[in-house]
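Visitor: Protein chains in written order, with this note's numbering: chain A, 1 to 246; chain B, 1 to 302; chain C, 1 to 290; chain D, 1 to 289; chain E, 1 to 274.
Just so you know, the hints here were simulated from the structure itself, not pulled from any lab data. In this text, all values refer to a predicted model and were calculated from it rather than measured experimentally. There could be a bad hint or two in this list.
[Unchecked claim] SDA-like mimics (lysine to any residue), calculated; alpha carbons at most 20 Å apart, straight line:
id : chain 1 : residue 1 : chain 2 : residue 2
1  : B       : K205      : E       : L19
2  : C       : K177      : C       : P74
3  : E       : K79       : D       : I53
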Amino acid sequence: MALIEDLKQRVGSVLLPGDEFFLPTEDNLTLTELRRPERLVFGPGLRRSGGRLTAVKGGVLRHKEPNVFWIQSQQKRYVPAKGECVVGVVTAKSADVFKVDVGGSEQASLSYLAFEGATKRNRPNVQVGDLVYAQFVVANKDMEPELVCVDSSGRANGMGVFGGGGLMFTVCLGLVRRLLSPSSTLRVQLEALFPGELVVGMNGRVWARCADVTRTLLLFNLIQSCESMAPTQRDELFRRVQQGAL
Amino acid sequence: MHIVCVANANLQLLSLVGPFCAKFIPVCSYRTAEPLEYHRSFLKENCRPDGRDLSEFRTTTLNIGSISTADGSALVKIGNTTIICGIKAELANPTVESPDKGYIVPNVDLPPLCSSRFRSGPPSEQAQAASQFMADIIESSEVIRAEDLCIDRGKLCWVLYCDMMCLDYDGNILDACIIALMAALKNTQLPEVTINKETSAPEVKLEKKHGLTIQKHPVGSSFSVFDDSILIVDPTAEEEILSTAQLTVVTDEEGRLCSAHKPGGTSLSGEKLQECISRATARQKEIQKLIDKVLHSVKSAE
Amino acid sequence: MATVQVSEAEKVYILHGIRDDLRADGRGCEDYRHMEIETDVVSNTDGSARVTLGHTAVLVGIKAEIGKPRPLVPNEGYLEFFVDCSANATPEFEGRGGEELGIELSNMLYKVFNKHCLDLRSLCISEGEHCWLLYVDVLLLQCDGNLYDAISVAVKAALFNTKIPRVHISADEDGGKEIELSDDPYDCMRVDVENVPCIVTLCKIGHRHVVDATLQEKACSVASVLVSVTHSGSVTCTRKVGGGSLDPESIFEMIEAGKRVGKSLHAPLMKLLQQEESLGKRRQKVGFLG
Amino acid sequence: MEECESINVCLREFGCEQSLLSRPDGSASFVQGDTSVMAGVYGPAEVKVSKEIYDRATLEVLIQPKVGLPGVRERSQEQCVRETCEASLLLSLHPRSSLTLVLQVLHDDGSLLSCLLNAACMTLLDAGLAMNCLFCGVTCAIDADGQIVTDPTAAQEKESRALMTFAMDSTDRKVLMTSTKGSFSVQEVCVFFCFLLVEVLSMCGSAGGVGHHKIKYFITVRVYRLYVFHSSTAAAVYSSESESIREDLPVLQRLSETPILQKPLTESQNFPFFAILVFYQIHTKSYRL
Amino acid sequence: MPTDNKRVRGPELSQSPALFACKAAPVAPQQGPRADGRQRDQVDVRPVFVRCGLVSQAKGSAYIEAGDTKLMCCVYGPKETERKDETDMKCGRLTTDMRFAPFSCPERGSWVQGSQDKDFSLMLHESLQPALCLHKYPRSQIDVNVVVLENSGSVLAHAVTCASLALADAGIEMYDLVLGCSIRQDGGSYVADPSYAEETYCSSDGASDQGRLTVAFLPSLNQISGLQSDGEMSAETLTAGVRTCIEGCYKLYPVLQQALIKAVRKAGPPPSES
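Hey, can you work out the whole structure from these sequences and the hints?
Guide: This is the structure in structure tokens:
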């Protein structure tokens, strides 16, 4: 298909808002022709309206087999998306929900019952100001976002209220994605350098705890400085840290 | 009686019977439930809910000199939209930079009285933008030469406070403001001022009055863009809210443009703009005729 | 304005009492509460007075400054009023509430203390150029009803206490005028307060009206009438306040009563003020906490 | 009918830098000659109940002049910028939230409104907000001799007979906003439109780190003379030179990024370089210069 | 004074040309018939022109013209209260706003509302409130906005009349209409419904009984909802003045009734209950 070819050709190049691609007209879909149209998936930054596909964000076009396209862009403000795990701060308690600030435009709600083992009698011990690691089950533009701290089988699976100590800080959303990517060299390098706990929320909030406060702070500074560094520079920096230069 | 109408059902009805028959079906609820669809169904037939076609202005009426406390005044009605303009002349010192120039200070006020969308307190952004627009028009078109307002170079000059107040907001206030301002300026009578040589104090002869020299007669025409393509003239308040862009073109009697003001909104092609300009030129002639006619009747009545 | 919650039973009690000319604190319908007046309480003003009426406490300070007369009346000085409703008086005055009441009160004061009651021409120094400007600052310290009456008495007392330095105008070499203030602190001008009115607030409660209503009584009334009366019994200002309406006959009665009460208020007030002044420095200052 | 030779109209040197403020969600500075504007955008964030719109985000634009408080003129400029941004942003994606765009004028040396518009566009882009199209603003002046000056300085503006500012969108190349001052003939406005040739000249991105891109765009607006008479279709020539951005390009130091703004871009700088030429033409009956 | 950044600014200082006039403006005659030919010491109010329902956007509106005094009033509501903390569960809230157009007085006024405008708004509020059935509109707010287009005396009195008409036009439940009337007392004689010149003119010597009086009156209930006087008058003069004003209100009453009937007729017959 022409569109796919067109798109594939542009993979890796920069698109700007307003760049358009034209989808094949619906007339091609005839009943006699048995060939099913290829399923196309458009991710963030691409918008389909009628027969047009428009880029709405500035960034690099990415592709994943078979036909998944998205624009990789830089952003600071988090917009909740279903299924994403985030680090939030509990800001209020009401009758049966907590209000959690996740950095979006609206506070998310988190039910008392959405914790592992929580029942009407056995309420989780969560205070205002606590940090929680939770997952979005409802996140769309028209509804209040809703978080849970259990997976589909009712297990905590790493989610829930954070223990004491540690440090939370905010980085840009691109760095978070890099940290979470399965092939992230950055994460591996960090782990090698400072063994400890690292919780990364998709909303750009990172929580870290190492053996002592000094190391935690070092880790925090390292991650922050990684935001605008090339791999080679980073390697250099890490090497120096390892040698105790910092 | 029907309370709520399903939009789609009505659309079909409308397309069958045409927009004019739409009045017989419970239009009110359709209008409030789906205002945009309601308007679209009319625009499709090249007419508008109030019976006008796309390039038709509402009836414009003008009343000149109704406020005796003002030095010049005019009340303009375009359909329901009502603007009153009162001009007060005062004496002041000219600025050091331009010692031979007077001041014209236009201000537009949208009080809470004229529509429920305005709050009392300092002027809204819309009112401020309108004031700035009027100031730009006066400057661009050179309606009055600022030098004419000078009485004694570097010492004394006139300040014309042109205060425009909206009494009924039903869209298209910019056009109405320009007409009101022009008519009020033409109606303005300033007393004679002389400078006493000995005391160098001004002396005003209130009984001896003269009018202002009006150089240009700018007239505005406002347009609204519906659905990025349909252009309608003289929008009502409802149409202004539903439309995606506004455009005001101001021309003078020589056909020159004083302003083409489009503060954003959806884009417009050059041809459409050209269309607007020619409509505005025609409108300028109509309005100038109206002002002259009313002024004449006021004079003959005296 | 400061309000209190009054239950229906209390209202009926107050209403019935007033019907029989018996008020909750034992007063009659045309009696004031205990009033205390002290003048010259703030040393850095030109005139000041403190008045307490029941629990209502008001402080008035007057500053005289030289200013330019208004273009329309070039041969008169003028008064400026500012009422500060401090949140100390009642928490309701915090923010906008106090500001609105302050404007309302000062507007009323402008109307009451107009040129009919003061000789504003004596405040003129040179016509069209200089005049005395009296800044009257009213501070509400505590609110227990009947603010208008307390403020008007305090303003009158403060005006009585005001000492404006004498000025001498001399022509300098260039023909211009020079204003010289007298150095002698005793060489000063006094304001003639004989004709200055006092406000009497009459509250319509049931079929009768009472003078100097407490907050509880105020809560029972539909409307009140302010009458400002001079010593001779002429009325300088009237105003209906409150959400209700009154029939004409009761308005006439209230004006008549206001005139009667106001007239009888002036003589003892003036006597008291003169008495205090005659004490001079021997006077024992009470101050705010006394 | 004569054929008009191309005249050399140019803009002052301009430049832009993005993401230079840490607090806002998107920021940019735009420099046109000596005119310079700094901008920041916050959002989508929580909205005041009184300003909440049920089906789209509320956009607020605040313009701060170099000295003093914003007045009526700034309010009028705010209206222009806001409505232009509203047309290009997809506000319906973030209902019941607020976007706040703050524009700080650093120096005004003419063509301020166009500089404000350009800074606004760059900021929105930097914040990664969903947009239909980009837009750019350009100011033209007609001087006393009838000559057209593009991107005038304050001195040129003062001497000019008429002044016009346009904003064009990048997809349809149509007029988003016009604001004019002074009087001019209908022919002149046609010429103006003919002149409007939006040239998204250079847009370069530098990439650094694993999957981390910093994209820099330069939008140049150049005005050319068009030769087209009686043509009613808008022809767009869209030529782009693109080079894919490799993941691990050496990162330029932050500091060294600033001078690039002033310098013309060269291949040697190893920037991916795009040039998009867009000819914009409109139907005109006839014009003469 | 802080500069007004929200309006187009003029010069720092400007003065009315009337201040420099060679000849003083003619003063209102103190004896004999008045400048506009009306009679002294009689309840000779100016003929009024009243219209209801002129403003398309408002729930109810009225325009009143008495001599050269021109006023317009619009009513919006009942609607949700703007400030949540002021919501009254039992009773509606009435807000009044009265302002003068800058060109309405011989001296140019400022756009910014002064304390005088606020005082007028407050008196308007006090005069109208007793006539409204506010308990029928719990938790809501009714806005009354008055604009004075030309001030030729007795503005407050006419503002009250105009506002009550607009309220009636808006279909707000009321116990009665409210009418306003004012007089100017000048020594032993008085003028009813004074013009601007008669209102502001001040007598040269400190003669007694100089004052102005405005009364708001509910004609069918025979109640006074607003009373405001200033100047020095004896209690007897004041009482007589109030009676005069009431008489003046009764004179206006039929005109207003006619205007309302006309407006109701124009709105068309009520739909039949079939």
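Visitor: Confirm or reject each hint.
Guide: Status of each hint after checking the structure:
1. Restraint check for B:K205 and E:L19: the C-alpha separation of about 11 Å stays at or below 20 Å, so the hint holds.
2. For a cut-off of 20 Å, the pair hint linking C:K177 to C:P74 stands: about 17 Å separates their Cα positions.
3. For the proposed pair E:K79 and D:I53, the alpha carbon gap of about 19 Å is at most 20 Å, so the pair holds.
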